[in-house]
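Going down the list, the protein sequences come from chains A and B. Per our numbering, the very first residue in the first sequence carries number 326; after that it's consecutive. Per our numbering, the very first residue in the second sequence carries number 727; after that it's consecutive.
Treat the hints as calculated values from the structure; they're not laboratory data. Be careful, since some hints might not be right.
What the hints assert, rightly or not - A few chain A residues that face chain B, going by a derived Cβ cut-off under 7 Å, partial list only:
#1 N356
#2 G367
#3 H370
#4 I372
#5 K395
#6 G417
#7 N422
#8 F426
#9 G427
#10 G429
As the list claims (entries may be wrong) - The list that follows gives simulated cross-link-like pairs (lysine-lysine, DSS-like), each with its CA atoms no further than 27 Å apart:
#11 B:K735 - B:K797
#12 A:K394 - A:K428
#13 A:K395 - A:K351
#14 B:K797 - A:K351
#15 A:K395 - A:K428
#16 B:K797 - B:K783
#17 B:K783 - B:K735
#18 A:K395 - B:K797
#19 B:K735 - A:K428
Every value quoted in this text rests on a predicted model; they were computed, and no experiment measured them. For each residue, glycine too, the CB sits at the ideal point set by N, CA and C.
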Amino acid sequence: SQQGEEDPQALSIQEGENATMNCSYKTSINNLQWYRQNSGRGLVHLILIRSNEREKHSGRLRVTLDTSKKSSSLLITASRAADTASYFCATGVYGNNRLAFGKGNQVVVIP
Amino acid sequence: NAGVTQTPKFQVLKTGQSMTLQCAQDMNHNSMYWYRQDPGMGLRLIYYSASEGTTDKGEVPNGYNVSRLNKREFSLRLESAAPSQTSVYFCASNGPGQHSYQETQYFGPGTRLLVL
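So that you can see chain A by itself, here it is in the shape it has in the complex (with noise of 0.2 Å):
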């Protein structure tokens, strides 16, 4: 079954705008990823945060957990129309290295 259920499932903002997306999980997690797949291509990995940390950078991106809510967002700061694509939050849980995706958020941004 699908653990990560990313909210929301569509987002068109203009060029230079903020884009959040969030996250949610049933199930205990060691890490939480996002991934990011442009029209046609294959996956692409962004950020990892792991089950003790709160909050992570990278770039222009910003990811936030929240273990005692089971939930995750994704910031996208200062957006560029390069930023067009769909977004998938990934769990992964201790023992194995499956990852369980989300169903994936799709932005556009508009120049």
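Following the hints, complete the assembly by docking chain B onto the known chain A.
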């Protein structure tokens, strides 16, 4: 490094035909995965291989078989294709890298399969 490569890129099959999707990685990763991606469903794990010589079922294994030929290659076989197997198939691998975590997965470009 080529990363994860997949062949073919596109394939059209008739119901009942068989085919093998090929995947190879050159990152010396132990673990490899096969996913399918359908509209509105995200990625669903079909089979995975934690190490050379081992394979395990994922979430949706029915109608598929896999072979971990060696550390580099992990193939997915459809013995008798059905229209429900129309999908985009992604292979992935994971392992530690210079700028990545053990848990990070690297994806191939995908194979688009249409079963008529």
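Which hint numbers doesn't this structure obey?
Structure breaks hints 4, 5, 14, 18.
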